[in-house]
Every structure is written in structure tokens, then in C-alpha cells.
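Read top to bottom, the protein sequences are chains A and B.
Numbers 1 to 166, taken from the working numbering, label the letters of the first sequence in order.
Numbers 1 to 166, taken from the working numbering, label the letters of the second sequence in order.
Think of the hints as simulated: they come from the structure by calculation, not from any bench.
Careful, some of the hints might be misleading.
Simulated crosslink set (EDC-like; lysine to aspartate or glutamate; CA at most 16 Å straight-line) [as the list claims (entries may be wrong)]:
{"#": "1", "chain 1": "A", "residue 1": "Lys58", "chain 2": "B", "residue 2": "Glu24"}
{"#": "2", "chain 1": "A", "residue 1": "Lys58", "chain 2": "A", "residue 2": "Asp23"}
{"#": "3", "chain 1": "B", "residue 1": "Lys83", "chain 2": "A", "residue 2": "Glu71"}
{"#": "4", "chain 1": "A", "residue 1": "Lys83", "chain 2": "B", "residue 2": "Glu161"}
{"#": "5", "chain 1": "B", "residue 1": "Lys58", "chain 2": "A", "residue 2": "Asp23"}
{"#": "6", "chain 1": "B", "residue 1": "Lys139", "chain 2": "B", "residue 2": "Asp23"}
The structure displayed is predicted, hence computed values, not measured ones.
Protein chains: 2
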Amino acid sequence: MSQSEVDTYCMATAIQEAVQGADEGGVPIGAALFLNTHLGSPDQTKLLGAGRNQRIQKGSPTLHGETAALEAAGRLPANVYRKCTMVRTKISPPCSMCSGAILLYGIPRVVIGENKNFVGEEELLRARGVEVVVLGDKKCEELMSTFINEHPEEWNEDIGETGEKL
Amino acid sequence: MSQSEVDTYCMATAIQEAVQGADEGGVPIGAALFLNTHLGSPDQTKLLGAGRNQRIQKGSPTLHGETAALEAAGRLPANVYRKCTMVRTKISPPCSMCSGAILLYGIPRVVIGENKNFVGEEELLRARGVEVVVLGDKKCEELMSTFINEHPEEWNEDIGETGEKL
Numbered sequence: 001m002s003q004s005e006v007d008t009y010c011m012a013t014a015i016q017e018a019v020q021g022a023d024e025g026g027v028p029i030g031a032a033l034f035l036n037t038h039l040g041s042p043d044q045t046k047l048l049g050a051g052r053n054q055r056i057q058k059g060s061p062t063l064h065g066e067t068a069a070l071e072a073a074g075r076l077p078a079n080v081y082r083k084c085t086m087v088r089t090k091i092s093p094p095c096s097m098c099s100g101a102i103l104l105y106g107i108p109r110v111v112i113g114e115n116k117n118f119v120g121e122e123e124l125l126r127a128r129g130v131e132v133v134v135l136g137d138k139k140c141e142e143l144m145s146t147f148i149n150e151h152p153e154e155w156n157e158d159i160g161e162t163g164e165k166l
Numbered sequence: 001m002s003q004s005e006v007d008t009y010c011m012a013t014a015i016q017e018a019v020q021g022a023d024e025g026g027v028p029i030g031a032a033l034f035l036n037t038h039l040g041s042p043d044q045t046k047l048l049g050a051g052r053n054q055r056i057q058k059g060s061p062t063l064h065g066e067t068a069a070l071e072a073a074g075r076l077p078a079n080v081y082r083k084c085t086m087v088r089t090k091i092s093p094p095c096s097m098c099s100g101a102i103l104l105y106g107i108p109r110v111v112i113g114e115n116k117n118f119v120g121e122e123e124l125l126r127a128r129g130v131e132v133v134v135l136g137d138k139k140c141e142e143l144m145s146t147f148i149n150e151h152p153e154e155w156n157e158d159i160g161e162t163g164e165k166l
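Looking at chain A on its own, in the form it has when it is part of the complex (with noise of 0.2 Å):
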């Protein structure tokens, strides 16, 4: 199986919890911790823990696709996060919060569904050595972008934008 089908693979994990997340009126962003994605069999992967953004469900400014997975995970030793991928349904690149979450625990590569409606830490994370793999996945888009359409100010309250030119 190749890379880019076991990452498909551990996708449908996060596009599940974005889904859960837009059925509950949510920010419809997943994510997911997978352990060994790196060694290319689905068999060899174990989850760690999943999760959506649940700033309208919980009112949590700081629970978005990727601390919400890395909350599900738990308390794990350091050695572990650095053979794991955090895959996410979206933000491509992971806004500065959840990438910094990203080198905190040294989690060497990430996951992203698609990459058209925000700019983040793309940069800061190749330069600090993360690989960055775009999936390019129609579902994660359209999720997104339905959102975003409806939901103009909550996107921008998720992202620390008001909405105005500053």
C-alpha cells in the first residue's frame, strides 16, 4: 500500500469527526493522532486519538481539530509523538496554536485534507523540520467551504480574525 493510501486512510478518521463536528453545528474540522503511519501498511498504524473543533459545542477557544486529538490521545511519553502523524482535515497549513502543539511534542508529520481557505504555519513547520503532505481531499474542502460560507464571523472568531480590515 502506498503512503498516500494509508494516509487517505487514517484521513477518513478526521473527516468522520468533522463531519460529527458540522452535524452539531460545529466548526467542521477533524483531526487524528495515528502512530507508525510511516510504515506504510494500515495494519501497522494504531490511532492514538481523534477529535474535532469544538469551540461552538464546548465554547473552547483553544480545542481545535489537533488539540482536541491530542487531548483524546492523553498523557504520552515524548517518544512516542515522534513516531506519530497528526492528520487533519484541514487547516493546511495548522494555524500557529496547533502547530506549535506540533513541535512541542516533536510530531514529525502532518497530515493536511486540502489547503484553500487559510494560510497558517506552513512555513515555520518545514523549517523546523516537519514534513507537510497535502491530500488534496474534495470532502474536507466541501466541508470547509460550506462552513465558511454560512458561518463567516464564527470562522473568523476560530482563526482570530474580526472580520475587518485592521
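Chain A is fixed; fit chain B onto it per the hints.
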């Protein structure tokens, strides 16, 4: 009242959180988000949220001092964050996740209790225009030094380190 006196006044709230964390057996780092500290008077500042590291108490890898303070403050419009100061008992500078959260929400000012025990993302914050102020508070230093000496493995986990030379 001088800016430093206002900052020290605000720091007392963060220290209270850190002390409570220590009493709970947790990583003794507290933080607080204050509105309008730059106006130079405690009467004009407003506490929006305070919190403490919850790694041990809640098994949380993402609730550090700042993220816990942001959670306590709840959802806020972007233009509120832009008039805020994040006060933290440590780490100077904040770790990459907390620095990322500060950058995400455009918080323009960070006040730090001590800067001896961890090298974080000071350069990144300054490069992005965040003012970083170090108070050099003895109580903050003492809380952290005691914890790191007594629980080196939990401290390493909190900063994403294995504790081994890589």
C-alpha cells in the same frame, strides 16, 4: 502606578493558580488573561480568565497555563484579545503551543514570572511583534525549581522531552 507595578498586581493572580497547582500535585504553572493592563492602573484592568497547567490533575497534554487561562476566558471577539496581556508564572518564553495560541489570537503582550528554567519561543514572539516582559519573580522561580527537582520526568513530559539525549 508604574507598568511594572500593574504587571506585578496581575501576576499575583497567576501565582495563586500556580500555588493551587502545586497543592494539587500538578505542574506549578499558572497564567491569567487581563484586559487593558497597558492603561497603567489595576482599576482599569479586568481579569478575563485564569488557569493552571492540568497535565497531572486532568491528564491533559494541551492545558498548559496559558491555554487553561484562554479556556477559562471562553470565546472572545478578536478585538478583545488585541487589548489583552497574558501573564504567566513561567515559562519564559512560552512553549511553542502557548506561543502559538498567543499569536493565533493576536495577544500583543506577555508578562513572564521567571526565565531560568526553560527556553521557549521568545524569538518567535518578538519577531511577530509581541512584547515580552520578564518580571523575575522569586516565588515563580521557587515553585518551578522545586517541581523540576522533585519531578524531572513529569517536567520533561510537559515540554515534550524524553529526558534522554537524542
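Hint by hint, here is what the structure shows:
Only pairs whose Cα atoms come within 16 Å are accepted, and lysine 58 of chain A paired with glutamate 24 of chain B is rejected, the gap being roughly 25 Å. At most 16 Å may separate the alpha-carbon atoms for a hinted pair to count; lysine 58 of chain A and aspartate 23 of chain A meet this at roughly 14 Å. Under the criterion of a C-alpha separation no larger than 16 Å, the hint pairing lysine 83 of chain B with glutamate 71 of chain A is inconsistent with the structure, at around 29 Å. Under the criterion of a C-alpha separation no larger than 16 Å, the hint pairing lysine 83 of chain A with glutamate 161 of chain B is consistent with the structure, at around 14 Å.
Between the alpha carbons of lysine 58 of chain B and aspartate 23 of chain A the distance comes to roughly 28 Å, so the proposed pair goes past 16 Å and is violated. Between lysine 139 of chain B and aspartate 23 of chain B the CA atoms are separated by roughly 14 Å; this keeps the pair inside 16 Å, and the hint holds.
When each numbered hint is compared with the structure, violations occur for hints 1, 3 and 5.
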